[in-house]
Amino acid sequence: MFYYGVDDGTGVINCCCWKSKNNGEPRSMLNGEGTSLSDIVLSKVYKYDTQESCLELGDVIHVRGRLKCYRNRLEVSASYYRKIDDPCCRIEIHRMEELPNIYENVYDLPFVLPSHVMQELKVQNEEERTGLTREAQLIDRLQNYLQNHLADRHTGIKNFHLNELETLDDVMAIASCQCLEYKNEGGSGSAPIKQIRNIIKQAVLRLEREGTVYRSGMIHDMYEVVRTNLPSRLDKTILQILRSDCHLSRYEGGCHYMHVMDRLHEYSDFQNVSVDTVRMALLRLEEHSDVISATSKHFIPVN
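For the record, in the sequence shown the residue sitting at position 257 is 257 according to the UniProt record's numbering, with numbers rising by one throughout.
Quick caveat, the hints were computed from the structure, so don't treat them as lab data. Backbone N, C-alpha and C fix where the C-beta goes; we use that ideal spot for every residue, glycine too. There could be a bad hint or two in this list.
Said to hold, decoys possible - Just the calculated beta-carbon pair ranges, DEER-fashion:
#  : residue 1 : residue 2 : range
1  : Thr155    : Val275    : 25 to 33 Å
2  : Met222    : Gln178    : 28 to 36 Å
3  : Asp140    : Ser77     : 36 to 44 Å
4  : Asp169    : Asp262    : 34 to 42 Å
5  : Leu113    : Val275    : 31 to 39 Å
6  : Ser77     : Ile40     : 30 to 38 Å
7  : Asn148    : Leu113    : 34 to 42 Å
8  : Ser268    : Lys183    : 42 to 50 Å
9  : Gly131    : Val63     : 27 to 35 Å
10 : Arg66     : Cys89     : 24 to 32 Å
11 : Gly131    : Val275    : 36 to 44 Å
Model the full structure from these sequences, guided by the hints.
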């Protein structure tokens, strides 16, 4: 590896370039074998190239590569470099003439944070000042609680309606915490109903993306619980679809998960099943050795 520093007028940028160990020298010259005319010519070309590529302090070079961060230091991973023969220093003079314009339009401009970073910092400062909790944190807490609560076999919950969650004391204790985003909408110390329902809805949507629950096709806002230790109706239906369709010549190489979702939507119970739920169910079946992934998107039943 060839490692060097380049001063671009704003500071020294580290550059590294990987070079072949033999550097293109003819194999016969390296092995001490008899040389042909072509080997002699190649050897002279190699020596000339070595002289031209040998760099010294103060040389002007042309570097091409990509910026990357290595050990917390910015450097250029150079894919190409060459020494520039510039006895009259025209290139250096041209570069020096460019620098004032570059400083004015780039380097001397004040650093401006992206708008989403500014918004995040503003929310954090407001959170520290008021002592209120952000909505995203409440959603995280409620998601973790529901995940553990629904996975508990002793609860016996197979399905639930979104409104039913509002009757659980632990759910309400989390969803009704004073929230930063709704601080101007609440009454005298009580959380607005809009906050409670939105936090519950967002937490359940996250569970749906994880495959813990899925929307029932029969009743609006009704969710079915998926238990990892027991095969669900969804898993059984997906397995049935794969077994029937993979016998067709068109799907001998496996069924695409989007095809599985389209087939599920033909059933009234699974009309609202999302693509995330289908993918999680297929991965769960693969973990139980019920299906095999032919590709990252196609699945075949084991038997």
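Here is what the structure says about each hint:
1. Thr155 to Val275: 25 to 33 Å: Roughly 28 Å apart at Cβ, these two residues keep to the hinted range, so it holds.
2. Met222 to Gln178: 28 to 36 Å: With a Cβ separation near 30 Å, Met222 and Gln178 satisfy 28 to 36 Å, so the hint holds.
3. Asp140 to Ser77: 36 to 44 Å: holds, 38 Å
4. Asp169 to Asp262: 34 to 42 Å: With a Cβ separation near 41 Å, Asp169 and Asp262 satisfy 34 to 42 Å, so the hint holds.
5. Leu113 to Val275: 31 to 39 Å: holds, 35 Å
6. Ser77 to Ile40: 30 to 38 Å: holds, 35 Å
7. Asn148 to Leu113: 34 to 42 Å: Holds - the Cβ-Cβ distance for Asn148 and Leu113, about 38 Å, lies within 34 to 42 Å.
8. Ser268 to Lys183: 42 to 50 Å: holds, 43 Å
9. Gly131 to Val63: 27 to 35 Å: Violated - the Cβ-Cβ distance for Gly131 and Val63, about 53 Å, lies outside 27 to 35 Å.
10. Arg66 to Cys89: 24 to 32 Å: At roughly 28 Å between Cβ atoms, Cys89 and Arg66 fall inside 24 to 32 Å, so the hint holds.
11. Gly131 to Val275: 36 to 44 Å: holds, 40 Å
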